[in-house]
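Enquirer: Chains as they are written, first to last, in numbering that gives the first Met the number 0: chain H, 0 to 72; chain R, 0 to 424.
If you're looking for bench data, these hints aren't it; they were derived computationally from the structure.
Positions of the beta carbon are idealized from the N, C-alpha and C atoms, including for glycine.
There may be inaccurate statements among the hints.
Stretches of chain R that chain H covers, calculated by requiring three or more beta carbons in the stretch to come under 8 Å of a beta carbon on chain H [stated by the list, open to error]:
hint, region
1, 332-345
2, 353-361
Computed list of chain R residues with no C-beta within reach of chain H, every gap over 10 Å [what the hints assert, rightly or not]:
hint, residue
3, I33
4, H185
5, M208
6, I211
7, Y297
8, L408
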Amino acid sequence: MNKEILVDARWLEPPEPIERVLDALDRLGVGERIRFLIHREPLPLFPILDRLGYRHEVRLLDDGDFEILIRAG
Amino acid sequence: MAGLTYDQGPSLVAPLRLFLLAPLFLMLAAVAGIALGPDWLSGRWSPAALALTHLITLGYLGAVMQGALLQMLAVVLGSPMPWSGVLSWCGQLGLGIGSPLLAAGLLFGAPVCLGVASVALALAWLPFLAGVAVALSRALSGGEMDWPLRLAGLALPVTVLTGLALAGALAGLWSVPDLAGLVDLHAGWGLYGWILVLVVGVAYQVVPMLQITPAYPRRVTRALAWLLPAGLLAYTLEVLSGLPGLHWLGLAAAGGGSLVFAAATLTLQQRRRRKLADVTLDFWRLGLAALILSTLLYAGLGVLPDSLRTGAELSLGLLFLLGFAASVVNGMLYKIVPFLAWFNLQSQTGARAGTIPNMREMIDEAAGRRHFRLHVVAVCLLVPAPFLPAWLASLGLLALALSGHGLWLNLRAARAAFLAYGGRL
């Protein structure tokens, strides 16, 4: 499996979760992905990812948190 | 899943225009109160008290709530306000001209001022009402969480139309059959139906999201979905029919709803995940404590002797408007404005983390706290003012003017940071 960068931003105050993801995007290598964990669906992040050319998949976890997988588009 | 969808919301400029207008009216109300002397302390229906009340409700609270709703209906109902840029201009112009003219008209009994104020305020509110109606009609129902916002959306046109009818009647443009009843409807729907219920609807979203608390429990949102409209309905029927039993029914529903909301919010804030000092939290706690005290004072008005009642009614209005509504609104501004500034800056510049100010850096925490202290002084001196020497009321008004000035400077600082890092308004 390709390398995965984990960004665990559960229960952090906005906009720190989005800042952490943007920081991780800078470190993302070819074929790698970001696994982003967050306590609410981060709707403001998605248009930013689209504009920067990244794809994302959203999954609601059993405990109510969200997992977002982010890859280069 | 509900959440903030800022890609659908307006730019920073539309709400900020109104947010920057609002504190000017807080300062104007305070300076006018000092200039008028103790006249406004003689009772809530005195011309001076009515004038100052409308500078705060229309000029201050009205402008902030218009600005907040311009971006928040998209957030809460998933249905953005249409024509937000135009509505923001109409609000700025209409409230900017209409609020001081209405205050002057009420103060001096000047029909020309009241007539022109009615036209300006119609410009501020009627297009805004149309925007709210379009946004609400497009929105899908999200159940109990939406209820307060929909009820506030109904209370706003009732407040605006009864207000315009009253202003027109006082200007001599037309007559109304029951002036006193219309005044009661206007005040009740405005203060309770619009201000309190809107705060509840907004709190459901912003408290968990921005203060990192658990969501409001289902039993709370379900209870409030019944209690809030029941209180408003009973009050309205009481005004229209005069049946005494309705007063206690309305008091039980509205008072119970207020206490449930305040207690639930304070409990959630106690359980927030990050226990950092936060001026927003302080404003909210003060506001919710004032809401609890307002409810108790309202319930106790009936048993007070006549000698105390006039002063207590004025204290109740000050406690609700300055202690509760203004505190909560101030607290929200310290989250909403930095977040909008940060998000718009990030979106416009595509900046990486660390290269633009984060939310906490948009407004200096110490400056926010100075504003909070001045606000506390103003509330503590003005709420008991009807029972204190007049010079203490003037001191309270001075603190209110300084607190409005502090808020204005802090909002300007967020705007300056946004512009300094390449943001475009």
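Enquirer: Which earlier hints can't be squared with this structure?
Expert: 5, 6
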